[in-house]
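With the hints as extra help, turn the sequences into a complete structure.
Chains as they are written, first to last, in the UniProt record's numbering: chain X, 1 to 470; chain R, 1 to 470.
Simulated from the structure, these hints should not be mistaken for lab results.
Hints are not guaranteed to be accurate.
What the hints assert, rightly or not - Lysine-lysine pairs mimicking PhoX-like chemistry, simulated, CA-CA at most 25 Å apart:
| # | chain 1 | residue 1 | chain 2 | residue 2 |
| --- | --- | --- | --- | --- |
| 1 | R | K212 | X | K212 |
| 2 | R | K389 | X | K212 |
| 3 | R | K389 | X | K290 |
| 4 | R | K362 | X | K244 |
| 5 | X | K244 | R | K290 |
| 6 | R | K362 | R | K318 |
| 7 | R | K212 | X | K235 |
| 8 | R | K244 | X | K244 |
| 9 | R | K235 | X | K212 |
As the list claims (entries may be wrong) - Part of the chain R face toward chain X, derived, beta carbon under 10 Å:
| # | residue |
| --- | --- |
| 10 | I97 |
| 11 | S173 |
| 12 | N183 |
| 13 | L216 |
| 14 | D375 |
| 15 | N377 |
| 16 | I413 |
| 17 | K423 |
| 18 | L429 |
| 19 | G435 |
| 20 | A445 |
Please read these numbers as outputs of a predicted model, since none were measured by experiment.
We put the CB at the ideal spot given by N, CA and C, even for glycine.
There are 2 protein chains.
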Amino acid sequence: MITPEIKQQFISIVGSDWVKDSPNELYAYSYDATPMFQSLPDVVVMPATSGEVSALLRLANEHGIPVIPRGSGTNLAASTIPVQGGLVLQLHRMNRIHEIDTQNLTATVGPGVITADLHQAVEAYGLFYPPDPGSMRISTLGGNLSQCAGGMRGLKYGVTKDYVMGLEYVLPSGEIFRCGGKNVKDVAGYDMTRLLVGSEGTLAVITEITLKLLPLPETKRTLLAFFTSLVDAAKTVEQVIAAKIIPATMEFMDQGTMRVVDEYAKLGLPLEMKSMLLIEQDGPEELVSKDIASIAEIARANGAASVEVAATLEEGAKLLTARRSALSALSRIKPTTIMEDATVPRSRLADMVAEVERIADKYDLQICTFGHAGDGNLHPTCMTDERNKQEIERVEQAFAEIFAAAIALGGTITGEHGVGLAKLNYLPLKVGEGGIELMRRIKAAFDPNHIMNPGKIFAGSARRRMVVRR
Amino acid sequence: MITPEIKQQFISIVGSDWVKDSPNELYAYSYDATPMFQSLPDVVVMPATSGEVSALLRLANEHGIPVIPRGSGTNLAASTIPVQGGLVLQLHRMNRIHEIDTQNLTATVGPGVITADLHQAVEAYGLFYPPDPGSMRISTLGGNLSQCAGGMRGLKYGVTKDYVMGLEYVLPSGEIFRCGGKNVKDVAGYDMTRLLVGSEGTLAVITEITLKLLPLPETKRTLLAFFTSLVDAAKTVEQVIAAKIIPATMEFMDQGTMRVVDEYAKLGLPLEMKSMLLIEQDGPEELVSKDIASIAEIARANGAASVEVAATLEEGAKLLTARRSALSALSRIKPTTIMEDATVPRSRLADMVAEVERIADKYDLQICTFGHAGDGNLHPTCMTDERNKQEIERVEQAFAEIFAAAIALGGTITGEHGVGLAKLNYLPLKVGEGGIELMRRIKAAFDPNHIMNPGKIFAGSARRRMVVRR
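The following block contains the structure:
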């Protein structure tokens with residue numbers, strides 16, 4: 001409960017412009033990009049400095065007010081839904097790129113910096129920040145860290161956690177700490193940096209981020225291959241790796257996704273094909289040419305019905321944009337689009353896609369699958385309508401089976417979206433009840449009063465209140 | 001206190017051949033590679049399976065017996081000294097390479113596998129495990145994980161933590177858990193994998209490890225450059241990076257180290273030079289040629305008095321072996337050799353080396369410096385004699401100043417050795433007392449009875465007993 005006195009204290013910390021609690025404003029922060037989850041916060045507060053974050057957290061901690069750190073709310077696991085009400089800590093004002101250090105190849109930024117803005121800023125120096133989640137034009141780096149966002153370059157370049165070198169973070173107690181820094185090697189105590197990345201705002205608030213950068217690859221080239229069978233596409237992926245080639249990007253779309261994307265982006269894709277691979281290699285020109293030629297050969301040897309190489313960088317970018325539009329394109333089909341990210345070891349890709357098809361048939365659902373083939377990170381996406389209660393029940397059952405199938409294949413319930421609210425019932429499949437208990441104890445080490453994003457990751461504490469449906 | 005009844009229970013778990021408590025045997029496990037630290041354990045037990053580890057831990061936990069997991073004892077932070085006595089859990093029998101998965105590019109191994117044995121095994125498949133700590137021919141992968149070992153390839157390839165994808169681990173309670181796996185992307189809950197790596201055996205016992213592999217680079221080439229000034233060498237390192245070249249290895253030796261290494265390995269180095277860089281690039285032939293030519297040019301432009309490129313792979317390997325022998329060579333000079341690993345952001349390399357020289361002069365000590373220039377990871381190494389109490393006191397003061405200097409330059413107290421006993425007094429410099437308190441609470445989440453490697457990382461609990469000096 002936020003009393004007028006507490007609200008006054010919030011105002012004295014950040015100023016009255018940055019404390020919002022009108023019904024319209026609360027509504028705007030009641031949902032994120034995850035369909036079918038919504039709950040109103042009690043107040044939205046927008047700090048501009050670590051000091052303000054610290055003062056707000058101390059106050060919230062004292063009064064047992066839930067705190068939900070938030071960037072752009074693009075996450076797909078309902079991780080920023082204020083399921084127990086409380087204070088949405090909206091961090092978009094902390095959006096400065098503090099430094100691009102060209103000697104140590106690092107960037108130091110506020111959590112509110114937009115991912116694509118950082119890309120652009122470092123590319124101006126010939127540098128490269130590889131993580132490129134689908135939402136990168138909207139998402140913030142703070143949000144990327146909270147969820148350990150992935151993207152299309154996971155196989156060759158890794159994901160967000162592989163680029164976080166140092167953090168400033170604030171505990172619920174208000175204490176401001178730093179971990180890591182600009183050192184390539186640093187083993188002074190436990191690796192707090194990696195623990196905070198992917199913790200979904202349940203441990204602390206990240207207020208400054210030092211990221212590792214790479215030299216920008218000299219060039220890149222894009223190849224499309226179309227297959228009459230799913231297995232041939234998966235074999236191509238396997239044999240490219242077996243040939244010791246690690247492409248920057250290896251994206252997969254099934255026939256359903258191809259159709260929808262083609263209609264949306266007017267690409268003239270051969271829609272009679274069962275699946276498509278979009279492969280990109282980057283690096284020095286001579287190497288890129290050699291790798292793309294080898295990949296084309298491998299695709300043909302594995303039954304690709306056609307292989308095209310983009311003639312120019314622009315053409316390559318257009319193809320990649322088409323792949324990036326898959327979710328938007330699919331979203332136009334039906335009122336509700338549920339995108340999941342069941343993930344398997346790369347060698348089980350074909351098995352997993354087949355499982356998704358079998359399960360979609362079994363429950364009579366429209367599920368299209370696309371994703372990051374090189375990572376085994378699939379996005380089975382269900383087009384449905386949340387008003388159709390019967391169908392939604394079948395959707396839930398189907399996804400439960402999809403997650404179980406991923407685990408049976410040595411995979412995981414989430415590759416890059418996170419657990420949040422959307423998957424907390426499935427987490428025991430992956431880490432066991434004992435593993436969850438251990439994580440709860442780690443959370444208590446940071447947040448003994450359980451104010452940080454309560455109800456997320458861990459089941460059993462998700463008491464919902466004031467749910468307003470869209 | 002280990003009673004005859006408890007000893008009998010150890011024997012019933014692992015068999016009488018694998019429980020050691022004769023004075024000679026206890027003595028052999030009373031020290032590791034860190035000079036001037038020694039303490040006798042009460043018993044040494046050598047399990048062969050996770051089940052045995054689990055049973056041993058449950059028993060130790062019940063009776064409050066300290067447990068010190070141990071591989072080959074090559075660590076340099078006194079992390080495996082049984083400073084409170086107890087049970088040394090010697091893991092060398094868990095030395096099977098369970099699987100090399102050429103499709104998913106992973107290796108799954110027991111913690112007792114020797115690092116160099118894994119290198120050899122995966123290279124037979126054209127694959128590559130980059131971490132190469134100095135002790136790799138003796139050290140175990142379990143030990144590498146416990147300390148988050150580094151090596152010569154940190155800049156381009158990262159360190160141990162960057163290659164750990166999945167673990168099986170045992171809690172003091174005896175519970176056997178798994179985290180991570182073969183998935184390139186996996187965000188199901190907190191990243192336990194990265195938390196356990198570098199935790200120095202204070203949280204749990206690692207019983208199985210899944211490591212990421214890369215394709216083995218096609219070739220490599222080695223370049224030596226000699227400089228009449230330290231600053232020129234540091235500028236060369238900076239400008240190579242500024243030219244967007246990331247070499248596989250960039251090693252630095254000062255004049256003192258060069259002299260000792262040359263005497264040991266008979267290389268005919270130009271000993272009038274003030275410093276030397278050994279740079280190696282790997283990758284496809286055409287790229288390696290281009291990079292090595294660019295690096296040679298940059299070195300010359302920055303005042304290198306001479307630049308040599310190894311004519312053959314064998315010649316390159318010989319030069320690298322010479323660098324690898326630096327510690328052995330330095331160890332021959334005086335009875336006691338103390339190697340440290342103060343680390344700074346790469347751009348502060350020259351400043352840090354100058355600080356080390358200034359501090360060595362101030363305390364009238366012989367300190368040679370070599371290390372991983374690309375990482376800013378330096379190994380100032382003091383040749384001394386532990387019987388000379390007066391000098392040892394000056395050594396302690398000098399290193400305290402060296403660590404403070406590293407921190408002042410934005411660096412850290414340890415880049416790749418760990419905290420252990422040797423540096424626990426310096427940890428507050430890097431993470432603050434509050435940061436240490438947070439780490440203590442995390443430890444308690446794993447190990448509520450404080451049986452796991454007690455006295456390490458955290459100061460104040462290092463009650464010594466039965467110290468036997470060499």
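Looking at the structure, which of the earlier hints fail to hold? 2, 3, 4, 6, 10
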